[in-house]
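From just these sequences and the hints, can you work out the full model?
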Amino acid sequence: MTTISSSSSSQPLQSLPLPSLFTKGLETASKASNLPTADNQTQELIRSSLQSLHLLQSRISGLSLFSPNETLEDISTRDLIYLLVPFVSAQVQDRVRISDPGERVGILERVQNHFKSFLLHLESYDIVPEDEVALYSSGSGAGIQNPASRRELKIKQYQKEKDLRARIETIRKRRNQRSVSDSPPNDFNLIASLLPSPKSSHPSSNVDDLDEEDDDEDDSDTSDVIRSTILLLLRLFYAQAQTQLGSIEQEMELLRNVPLPPSRPTQGSSEQENRNGKKDGDNDMWKLDAPKRGGPLLDPKGKPLQPFTILPSGSTSTTSDRTRLQAQVFRPDHNLPTMSIDEYLEIEQARGKFIQGGGPASENAPTSKEVLAMQAEEDGTAEGETKEEERRVKDESWARYTDENPRGAGNTMNRG
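In UniProt numbering, the protein residues as written are 1 to 416.
Honestly, the hints are just simulated from the structure, not real lab data. Treat the hints with caution; some may be incorrect.
[Said to hold, decoys possible] DSSO-like, lysine-lysine: derived pairs with alpha carbons at most 30 Å apart:
id, residue 1, residue 2
1, Lys160, Lys173
2, Lys160, Lys31
3, Lys162, Lys116
4, Lys353, Lys369
5, Lys369, Lys394
6, Lys369, Lys162
7, Lys116, Lys156
8, Lys116, Lys31
9, Lys173, Lys31
10, Lys387, Lys369
11, Lys160, Lys116
12, Lys154, Lys353
13, Lys173, Lys162
14, Lys116, Lys154
15, Lys156, Lys173
16, Lys173, Lys154
This is how it looks when you write it as structure tokens:
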């Protein structure tokens, strides 16, 4: 794992060796990954990381570390890690804060170019097996219709990443290295842990450092483990790049369909508006305005000063209708009541909709038979004799009814 001392971090970027320059960009990107994207501090870290990565990419191209005429076996383990520079540049470039949708499209195009450059290098060196290339080319499972196959693919990716992190941890312990930073582990820290140590000689001798043997080079076994781990890391990031390319295509399609904001008036349009306003002012000079209302209708000589209408008078005139209609304009939007609550209750009581009586007063009141008996006891009065006769007729009728209808005569269904 590579660390940068305080003296090397204060040196200009152009004088740093490739491992230190790559580590500087990775450490800055790792710090930015743990901060909100909208913060100014995060954007400052992103700009610093992009500056280091762009300089690193230009120096790699100038040194021709990777040639199309070479094979994977021709690339040394020290240089193999630099195949990840386009991938890291794409990851950092994607976090640049942009508010304008048009500028966001430009950012996405640069990210897309970085990913495509990364994928092209891996495919040209046959780092990724053909079955994985065919599988990841559909967007890392996005084109697979079978849910079970997509789930199996995700499980395989997780297992590969887990195995990769375990191997990196083994290498770190084997080389007696500490973590790259105090921040939580992420992809940037994983890459930085596989970087070779910078030369202890002058940091400006970059070309010579690529060809010289490192005095502190790891043994062959550790070198083989590092190489296999870097290859696994490249295959893992190949799948992630394919997935992110699909997401970028969808986002760019949405941004292209976003309606354009209203354009601000320019100086030319302002002059055109002024000319149109002047033309409208000239037209107003020839406009015939309506006469003003109000004031006297006739002058002292009886000449009409403004048009008026003579309306008929009386209760049936148009004026009374106008007054009536005008009074009906400002009214509530609901029907107003036509009677009071007391009047409504009196009408309902007259219709017999209220139940009266009942309760203790009705229980203590005499029945109709008791009232008739009390009224019949008033001897010597015509009303008493009438009530006595009424009670006698009522008793005879009841006696006749009981004789004709004995108890149980109507119960013919329940006879045993």
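- Message: For each hint given before, does the structure comply? Return the numbers of the non-compliant ones in rising order.
- Response: 6, 12
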